[in-house]
Amino acid sequence: MQDKKILIIANSIYQLLTAVHMKLSIFKDYNADLIITDVTPQLKECLPRIKDTGLFDKVIFAAAKEINKKYAAAKPDILTEGFHNINSIFRWILDDELVYYSEIYFSNFDPFTRMLACYFYTLPCEFICYEDGFSSYVIDYLREDRAAINRHPDGKKIKDKVKSILLYEPHLAMRKDNLMNRSLPKINQNDNRLKEILNYIFDYKNPDYNADFIFLEQSFRAEGIKTNDIELMKICQQIVPQGKFIVKPHPRNPENIPFNLGITRKYSNNAPWELFLLNEDIKNKTIITVCSNAALTGRIVFGMDINTVMLYELFQGKVLWKEDDILKQYLRRFYRQFAGNNYYVPKTIYELKNILQYLGGHNEQSDKSFSHYSSISS
Amino acid sequence: MNNQIKVSVIIPVYQVENYLERAIDSVLAQTLEEKEIILVDDGSYDASPQICDRYAQQYPGLIHVIHKENDGLGMARNTGVKAAVGEYIAFLDSDDTVEPEMYEEMYQKAVEEDCDIVMCDVKIIYVDENRTNIVSTYPSEDIDLPDYIANGNNITYSVNKLYKRSIWEENQYEKMLFEDIALIPSIMTRYFNIGYIRKPFYNYFRRANTISTTFVGNMVDIIQSFRNFIDTSNPDYRDEVIYCTAKQLYWNMFQSRVLFQADFIELLKEYKKDFLINPYIAKDTKIRKLLDYIDKEVIPEKFICVHFYRPIPERYLEQIQTDFPNAILIDVDENYYPIEKLPKNIQTALEQGETAYVEEYIALKILYEQGGIVLSPEMHANLYLKKLRLNRIFFGFEDENELLTSCYGAIKKHYVIQALLDTYEANNIYNKAYLPLKERLRDFLIIHFKLNVNGRNQLLKNEIQIYLPSVLAYDMKDNENCCKKSDIQIPEGYELISDNVLKMWSDRLISNWNLYKQELNKKTPSGNKKSPVQNNLPNPDVFNYELDKRIREVMNNYENSTSWKITKPVRAIGKLFGRQ
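If you read the protein sequences in the order shown, they are chains A and B. Residue numbering for the first sequence follows numbering that gives the first Met the number 0, beginning at 0 and increasing consecutively. Residue numbering for the second sequence follows numbering that gives the first Met the number 0, beginning at 0 and increasing consecutively.
Note that these hints are calculated values from the structure, not bench results. There may be inaccurate statements among the hints.
Partial pick of chain B residues on the chain A-facing surface, computed with a CB cut under 8 Å [unchecked claim]:
id : residue
1  : L328
2  : V331
3  : N426
4  : R441
5  : D442
6  : I509
Cross-link-like lysine-lysine pairs, in silico, DSS-like; alpha carbons within 27 Å at most [stated by the list, open to error]:
id : chain 1 : residue 1 : chain 2 : residue 2
7  : B       : K449      : A       : K233
8  : B       : K431      : A       : K346
9  : B       : K431      : A       : K233
10 : B       : K272      : B       : K411
11 : B       : K502      : A       : K233
12 : B       : K431      : B       : K343
13 : A       : K327      : B       : K502
Built from N, CA and C at the ideal position, the CB exists for glycine as well.
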């Protein structure tokens, strides 16, 4: 081991997966500590198993959710008070002590991470952002007009500390900040050691269903956005043969409406989506989503060429990626330069039907459109 | 003996058993004695040949009969001219008559003034309308030739003129419809000694269902007639000839033969400079309207028939020949393009047996390169397809949801066709799954032109015309259908219509009818007054189809009525707020 000491912060399953991957690949020769937070409740369950793997010197739990919630949109005086009390706050929310780190890897510019930046501000400790999916490519989180915390003298100190961002597809980055986009090696889907460790950490179990068409629901209802996503699910369900279609509900949505409406069977697997991709034979599967980043993960993280049908062109509803030009550009660039041969963005319902039929959906109802040549060929 | 014949009257005869005797008798009643009548029976199969023979027997030396195979009016006249020995020649159509003094007075005028041609006025008898109209040839008996060519009447008629026989040694009719227009006005520009008697000697009986009042494919000959007139006329009278043509064109384009408008526009383009610099047209505000059309692009009359590994059906060829005799048929079989010249993915599709996919690509490609109308071998086009040539690009619905790609057209190098062709190069579902063009086309039009998938007529972005299924797919309305599917054998007297279209049609009819009744009830509440519709409905025992026909008529009336159109926004608002 070399004397560089690394700290990685993981707020989500996706981040934890990448953290483990980084430790086993680019940081395999360095000592590293890991902080997992309660931003995603499931992570706490993984904590003992992460410790079991021995990958990290220390695995620290941080109860950062409340702190983040309190300070993310706080007024300047509250922020000032918070940043003055960093030591107390850390003692209160961390279950172990921090040491000196030469590099700290994080994904979210949340108040907790900003406090860490202040904490290590005067020390030669570089902060390096790492990929958190979609948003890492498109959002300039530190732009001053975005949030009050970005204008606060302590809140914006992180800007001085962070110089680069690690991305699985650095050329896909569309942000307008000055962070250097650096390449993060893709996860090798044949890396059995990594797969075993991840399966252990997340206690992965194979699903008991075998749907060929998986619709990834998004959190529109949790966010109070009126949309036509249920109609889109229904259309897909009608085209796909019975039993071959399933909707993976979004955990933040208050109700499993697709299930309640009889559009889908119950999706019972709580395992991270990425582990599903890594473990299951997805060669003949099709992922359908309005615009879920999870649908892009296979391509971005693993370099997989999975049948993916993105429905954002057919989506009706007010969402960020419809309003924001950079997000639109991101989706366009992904489609044109990175998506691969099996990525579809239908622009009409008819095109969607044709795509799903082509990918193996042959419900009787819609088979009519395939009788198109009958008069000519007969 | 021959020297004594002053006028030879040539009567072409074809299927005119009811009129022929009247025509011959009117010549026999002529005051001019030194005449001969030449009856040219043009292969009639009614009683006309027998009538001719009877008259010839009855008037030997005066009436001659020539029986020949049918070859058209012009050829019959030519035959008559060859047999004629008279000093002068006159033509009489076998369903018309002449006044008794006609040939005597015209002959006297010809001799006295050494005329090449003598003209008279024409009385038009509108048989079905029981009225007559005298058309004066020229305002004065002194003919000012340039003014006559530009502003005179009856110039195209063969029959109101007496010609020196020598003229017919230098001229003859061509085998075509409108042979008069092709030849007579041109003759008038080349012979300067023209006499004129201001009397309506010639009785022209105009009836419905004659060539003047019905449409057939051969009528496109009129274009060649105008072309002949312009090209063979005396160049010294070019301005007058062009103006004369322009007037004829105007009448044909906007009144009598609107169906052939695209053909007339092509003629305008052909002589563009002549029409644009013509001093008469420049001063004539009405005729100047023609110039608005001179730069209008029309779809060329080319039919692109792609038929890999199957022949073009005979009936297809016959139909094209009958209704579009001047059209170019681009006959595209599997050998038309060398395979190696096709894009790689099209070659692959062909190797994989995706023939229909390749056919559709090739049709698009030729359409882009040459313009025209793609017409699959399974389709049956009719004369009314001509009017669609006035579009820049057109497609039709096959039913409420699907577009038809077995009949569509575009001008040469149209950008929409180019854009569609480009999609064959892209990595998309249409190429991966070898989807039919109609899928690609519908999505393309939805995305780029906001096509409303409802089976209705639409003009997209003022450029792309989309038609109802009844226009290009199924024959459901007279004078509307231009093309229909013909690959399924059906009993004679029936029309083929798909379930979907029939349902769509009847749903629309009923919903419009209900809407109409609702509106009507609002206007005449509580049934105090009978609505005009009720008054006009037939008896309860009428056949259903008659009722249906009646409903359609009423529908047409109110749908086309101004008040219905004006109140549309009000109805829409009412509907929005839940008013019934």
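- prompt: Are there hints from earlier that the structure breaks, and if so, what are their numbers?
  reply: 1, 2, 6, 13
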